[in-house]
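Enquirer: Now for the letters of each chain:
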Amino acid sequence: MKNIIVKTVGALCLASAIFVLSSFIKEPEVSYKCMIQMTNYTGEKAYVVVSLINPEGKYEKTLYVQGDDKEWFPDLKEWWKFSDGTKENVDAISGATIGNGERNIISLGFNASHLDAGYKVRFESAVENQEYYTVDAEIELNSATIKEKVDGKGYIRYIRMVPNR
Amino acid sequence: MIVSVWRYSHLLFAIASSIFLLIASITGVILAVEPISNKIEPYSISGADELSLAETLENINTKYEEVLAVTRDRNGFVSATVIIDGKNEEFYIDPFTGDKLGSPIQKKPLFQFATNLHRSLFLKSTGRFLIGFASFLLILISISGIVLIAKRQGGYKQFFAPVVRENFSQYNHVVYARFSLIPLLVLAITGVYLSLLRFDIIPDSQVSLQVDFDSIQEEPFKEYTEFDLFKNTPLSELRELEYPFSEFVEDYYIIRLRDRELYLNQITGDVLAEEKYPTVQVISSWATVLHTGEGSILWSIVLGLGSLAIPFLTVTGFIVYFKRPKTKIKNEHSKNESDYVILVGTEGGTTLQFAQELHKQLLLSGKKSHLALMNEYSHFNKMEHLVVITATYGQGEAPASAEKFIQLVKKNQQKQAFDFSVVGFGSTAYPNFCQFAYETHEALKALNNSIAIEEVFTVNDQSFESFNNWCSVWSEKMGLPIHLEKPKLVTSSKPASTFKVIHKAELPEDDTFLLSLKNLNGSKPVSGDLLSVVPAKGERERLYSIGKVNTDTLLISIRRHEKGLCSNYLHQLEHNEKLTATIVNNRNFHFPKHSKKTVFIATGTGIGPFLGMMQENIKRKEIHLYWGARTKDAFNLYKDYIETALQEGKLTDFKTAYSRQQSEKIYVQHLIQRDKELFLEVLKSKGCIMICGSIAMQKEVLQELQELSNKYLGKDLSHYQNRKQIKMDCY
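Sequence order for the protein chains is A and B.
Letter by letter, the first sequence follows residues 1 to 165 in full-length UniProt numbering.
Letter by letter, the second sequence follows residues 1 to 731 in full-length UniProt numbering.
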């Protein structure tokens with residue numbers, strides 16, 4: 001009888017200890033510095049949205065929105081289907097638009113478990129009254145190749161990423 | 001080019017662009033507030049602009065682990081983009097400490113809304129085009145406006161001379177247009193420029209620096225605080241500084257200064273590439289600042305007020321247009337069957353009303369009269385009598401409907417002889433009074449078969465009374481019984497007031513008397529305003545100058561004429577009796593508040609308004625009163641007022657000229673030559689000369705002053721008239 005009580009108490013203690021401990025262990029985050037370099041296109045400043053794409057090729061999460069006027073968000077059609085302004089609060093992760101030839105340096109944070117697991121970072125772009133690029137540039141979240149420069153197809157000339165200090 | 005073409009295009013452009021301009025200007029006023037509200041945010045640190053870039057960067061780098069960029073905006077606020085806990089953050093900092101001062105100013109929804117409406121009317125590219133085009137039209141409106149003002153004012157030199165006042169809309173349209181001209185032109189031109197830039201008609205050329213990666217050096221290593229550029233460039237020069245993306249030597253500092261962009265090797269501090277901004281970019285930057293007012297509170301206010309002027313100018317402009325009577329004239333008798341021809345030179349159409357009245361009365365008395373505009377002068381086969389009634393445009397030009405008249409007179413010689421009479425309409429408040437009427441008279445007189453019935457007759461301030469005087473003289477000569485009716489529109493619409501006679505002083509031997517009136521209603525006249533009295537129903541009005549001797553008492557000084565209807569009516573009024581009359585504002589004959597020295601010149605009862613004005617002289621500035629009368633006795637009526645004022649120091653001195661007192665006739669104008677030092681001093685020191693009395697005296701006095709002015713000051717008298725240094729109210 002005593003034995004049972006000891007075992008139960010022990011098990012409970014262990015369980016609660018694990019529970020308490022686990023709440024302290026955060027999932028590890030990795031953060032990368034990312035440079036978006038635009039081409040010398042003509043026209044208004046470009047809207048670019050950076051999203052995390054899961055191994056199935058679906059949108060997982062919005063990482064960054066380069067564009068400060070929500071009026072133009074629907075122009076980024078594929079992303080808008082996923083986000084449509086209600087799913088996520090993009091205010092905290094949005095920044096000013098940049099024009100042709102300019103570059104923007106941002107910091108992107110990822111869940112460590114997404115690294116080397118088939119996830120991709122997609123750069124989607126649109127310019128007022130001009131063509132829309134669903135995939136202007138895409139980078140595999142692969143720690144071995146992530147530092148390589150990736151060229152864009154649309155308004156983006158290239159993307160560079162380096163781990164944050 | 002003739003006025004009408006400019007005027008027509010001015011109106012046409014305004015109609016075409018009015019809606020867009022109204023939207024753009026109202027949103028523009030709202031947007032003018034934005035740079036002001038940004039500028040007053042407390043993110044400017046005094047003395048920070050003198051810091052070097054090296055010091056600034058050091059301060060920031062010690063505070064934050066990873067810095068991406070440092071910028072300085074047009075308000076002089078410095079902000080940094082840094083990574084904190086893996087997240088981008090941008091905020092204003094104190095360059096001395098690197099401390100965060102506040103988050104970036106968020107564009108308020110109202111400003112966002114106004115900006116979109118202002119730029120594109122929410123119609124994207126179509127809207128941008130419309131607004132850009134309206135902006136272009138605004139340039140054309142401004143230019144045609146400048147030409148119109150110059151024409152009205154009689155040349156570009158007189159551009160800022162006082163404006164002849166016809167009515168509220170006309171006067172204020174011109175006055176405010178002159179004030180807002182510069183901000184409006186700047187807004188319009190930069191607006192067009194920004195539109196052209198937007199549509200890539202002006203190429204947006206950017207700096208494109210090339211780095212020769214093969215020759216990048218990795219040594220010698222220098223601390224960034226030792227880089228020459230960082231040490232020698234003050235923070236005030238900075239626009240934006242981007243840190244190298246990584247620690248590889250291929251990544252470099254990108255630095256945009258006020259005038260150039262350059263790349264800096266992050267290890268050695270060498271300049272890798274450098275280029276001044278292309279001119280287009282500099283212009284674009286200026287255009288943006290000038291158009292938005294960004295960074296300057298003062299300029300934002302100027303732009304805001306300029307923007308505010310657009311709705312005002314649009315409304316007054318259209319009122320001027322719609323109020324301008326359409327000069328459509330119907331004639332019963334053709335030009336070749338009429339004995340009487342009346343020609344009108346009119347600008348706003350008021351002169352036409354008087355002419356139409358005369359025309360009507362001639363027809364009623366059974367005469368064949370033909371009414372036409374002066375520009376329609378041609379052969380009039382049966383014309384015996386010609387009457388020309390003309391206004392003068394601006395500062396002595398021909399009005400719109402008379403521009404070709406002088407040429408036409410020379411071209412179209414009449415076969416038969418005819419007599420003519422010229423009536424000029426104008427205002428003595430402005431120089432070149434009835435100038436064009438005199439020119440018309442000369443042109444007609446030069447013909448060999450014309451007879452001038454009389455000299456030019458001038459009508460001041462659309463006075464029906466004087467026009468009627470002319471008419472009775474003229475019709476008598478013509479042998480016609482003509483009685484003019486006062487045109488309705490000219491009647492002042494102000495309500496009449498009731499006055500009580502509180503005192504009457506009389507000088508029977510001179511036939512003059514003074515009435516002291518108390519106003520029982522509310523209207524508050526100022527000395528120099530006029531009292532319009534209608535002595536009996538259906539009679540025409542008579543005007544008397546008011547002297548306001550104290551808050552309650554108005555003084556009018558009257559000469560009784562034996563058969564004078566009105567003077568006798570006023571004369572028979574007893575103490576406490578009531579009188580109905582109307583106050584007429586006479587803004588051009590008010591006591592000048594800012595003149596240090598003033599001279600009053602009056603003859604006879606013309607002294608009336610001055611008796612009141614002396615009382616306004618609370619500051620006891622210099623006032624010299626010159627008064628002319630026939631005999632010394634006439635003075636007794638005003639003696640008390642003058643002597644009290646002299647004692648109280650409200651009047652400096654009082655000089656008289658009595659024409660019949662001695663064998664030699666002395667008139668008031670003779671005193672001007674005698675006291676010329678005083679008169680010259682008054683003119684030079686921006687003082688004012690006010691004249692009240694008979695027209696004959698006014699002419700003589702003006703002639704004397706003209707001589708003085710020419711001889712000693714080297715200026716035409718109109719120079720001083722333009723500056724309102726000479727004010728007249730004569731009858």
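Hint data in this document are derived by calculation from the structure and do not stem from the laboratory.
Any given hint could be a false lead.
[To be verified] Pair by pair, the computed Cβ-Cβ distance ranges are:
| hint | chain 1 | residue 1 | chain 2 | residue 2 | range |
| --- | --- | --- | --- | --- | --- |
| 1 | B | Ser215 | A | Ala112 | 35 to 43 Å |
| 2 | A | Ala112 | B | Glu218 | 32 to 40 Å |
| 3 | A | Lys147 | B | Glu218 | 18 to 26 Å |
| 4 | A | Ala112 | B | Glu41 | 35 to 43 Å |
| 5 | B | Thr62 | A | Thr145 | 32 to 40 Å |
| 6 | B | Glu90 | A | Glu140 | 22 to 30 Å |
[Said to hold, decoys possible] Covered by chain A, per the in silico footprint, the following chain B stretches (three or more residues, Cβ under 8 Å):
| hint | region |
| --- | --- |
| 7 | 87-95 |
| 8 | 111-124 |
| 9 | 557-565 |
| 10 | 655-668 |
Model, not experiment: these values are computed from the prediction.
Yeah, the Cβ is synthetic: ideal placement off N, Cα and C, and Gly gets one too.
Enquirer: All the hints need checking, so say for each whether the structure fits it.
Expert: For each hint, the structure was consulted:
1. The supplied range of 35 to 43 Å is met by B:Ser215 and A:Ala112, whose beta-carbon atoms lie about 40 Å from each other.
2. Between A:Ala112 and B:Glu218 the Cβ separation comes to about 34 Å, which falls inside the hinted range of 32 to 40 Å.
3. Under the hint 18 to 26 Å, the C-beta atoms of A:Lys147 and B:Glu218, about 19 Å apart, fit the expected range.
4. At about 40 Å, the beta-carbon gap between A:Ala112 and B:Glu41 stays in the expected band of 35 to 43 Å.
5. Between B:Thr62 and A:Thr145 the beta carbon distance is about 35 Å. The supplied range of 32 to 40 Å therefore holds.
6. Evaluation of the 22 to 30 Å hint for B:Glu90 and A:Glu140 yields a pass: the beta carbon distance comes to about 29 Å.
7. Only residues whose beta carbon comes within less than 8 Å of a beta carbon in chain A count, and the region 87-95 of chain B has 3; three or more means the coverage holds.
8. Only residues whose beta carbon comes within less than 8 Å of a beta carbon in chain A count, and the region 111-124 of chain B has 3; three or more means the coverage holds.
9. By the rule of at least three residues with a Cβ nearer than 8 Å to a Cβ of chain A, the coverage given for the region 557-565 of chain B is violated, with 0 such residues.
10. Using a Cβ-Cβ cut-off of 8 Å, 0 residues of the region 655-668 of chain B lie near chain A, which falls short of the minimum of three, so the contact claim is violated.
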